[in-house]
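Each chain, letter by letter, is given below.
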Amino acid sequence: DARVTQTPRHKVTEMGQEVTMRCQPILGHNTVFWYRQTMMQGLELLAYFRNRAPLDDSGMPKDRFSAEMPDATLATLKIQPSEPRDSAVYFCASGLREVTPEAFFGQGTRLTVV
Amino acid sequence: AQSVTQLDSQVPVFEEAPVELRCNYSSSVSVYLFWYVQYPNQGLQLLLKYLSGSTLVESINGFEAEFNKSQTSFHLRKPSVHISDTAEYFCAVSVFGNEKLTFGTGTRLTIIP
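Quick note, the sequences are listed as chains A and B, same order.
Position one of the first sequence corresponds to residue 157 (our numbering), numbered consecutively onward.
Position one of the second sequence corresponds to residue 49 (our numbering), numbered consecutively onward.
Any given hint might turn out to be false.
Among chain A residues calculated to face chain B with C-beta under 8 Å, some are [stated by the list, open to error]:
#1 A209
#2 D219
#3 F221
#4 F247
#5 R253
#6 G264
Negatives, chain B to chain A, calculated, CB over 12 Å [stated by the list, open to error]:
#7 F62
#8 N72
#9 Q86
#10 L99
#11 S102
#12 N109
#13 G110
#14 T120
#15 S121
#16 P127
#17 D133
#18 E136
#19 K148
#20 G152
#21 T158
The hints are simulated quantities; they were obtained by calculation from the structure and are not laboratory data.
Quantities reported herein were computed from a predicted structural model and do not represent experimental measurements.
All residues carry an ideal CB built from backbone N, CA and C; glycine is no exception.
Using the sequences and the hints, build the whole thing.
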């Protein structure tokens with residue numbers, strides 16, 4: 157059963173702490189997206205990668221956020237230091253554009269920064 | 049750059065009544081169009097997509113959407129809704145040659161028994 161796996165599903169942390177969210181894309185997919193969902197802003201694209209190379213991270217606050225793909229099976233999104241305004245649901249999605257242009261979403265990581 | 053507008057943030061509909069969720073897009077080049085559905089506390093699931101060919105596309109659970117190039121629209125319709133259709137629906141667009149997927153702000157569909 158191919159699916160995008162995100163860990164953790166829920167994270168509560170104190171302001172100022174580092175947060176790392178992980179994503180395992182569907183095996184064989186070469187495009188990975190990170191989205192943030194809030195009530196106020198809806199779904200925002202933070203960054204996306206193709207073949208592990210970052211193509212666009214213009215939606216990401218550069219001073220505290222970083223996104224990487226250490227290998228083809230793992231994508232990470234880090235926030236350091238975290239702030240209460242970072243509280244949101246963070247979604248990872250993957251795709252294989254050469255076959256079909258849609259993206260397949262994980263279940264998300266619900267982050268609460270107190 | 050592409051963009052998507054979903055004009056209605058909330059749509060209440062009586063059970064078994066028809067519904068239309070509106071989506072308009074903006075792009076200077078050819079596009080792919082999508083509708084995703086999000087049930088409470090879950091990720092987004094693809095409902096249907098327009099890539100090319102027939103402008104009317106259907107999902108397995110009775111939804112359909114029609115690509116209208118002249119109107120730059122991709123409205124989602126269902127002739128008779130069910131309680132289980134209660135969810136948030138997102139329209140999305142990407143352009144040929146670019147993986148970037150841009151979403152609208154979503155429409156919350158509430159079914160009234």
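Each hint tested on the structure:
1. A209: Violated, about 12 Å.
2. D219: With a closest approach of 23 Å, the D219 (chain A) hint is violated.
3. F221: 18 Å, violated
4. F247: For F247 (chain A), the interface hint holds, since the closest Cβ of chain B sits about 6 Å away, which is under 8 Å.
5. R253: Holds: closest Cβ of chain B sits about 5 Å from R253 (chain A), inside 8 Å.
6. G264: 5 Å, holds
7. F62: Check passes; 26 Å lies beyond 12 Å.
8. N72: 16 Å, holds
9. Q86: 9 Å, violated
10. L99: 7 Å, violated
11. S102: 17 Å, holds
12. N109: 17 Å, holds
13. G110: 20 Å, holds
14. T120: T120 (chain B) clear of chain A: closest Cβ-Cβ about 18 Å, beyond 12 Å.
15. S121: 19 Å, holds
16. P127: P127 (chain B) is indeed farther than 12 Å from all Cβ atoms of chain A, at 25 Å.
17. D133: 19 Å, holds
18. E136: Violated, because the least Cβ-Cβ distance between E136 (chain B) and chain A comes to about 10 Å, which does not exceed 12 Å.
19. K148: Per Cβ check, K148 (chain B) is inside 12 Å of chain A; nearest 6 Å; violated.
20. G152: 8 Å, violated
21. T158: Holds, because the least Cβ-Cβ distance between T158 (chain B) and chain A comes to about 16 Å, which exceeds 12 Å.
Hint compliance for this structure: hints 1, 2, 3, 9, 10, 18, 19 and 20 are not met, and every other hint is.
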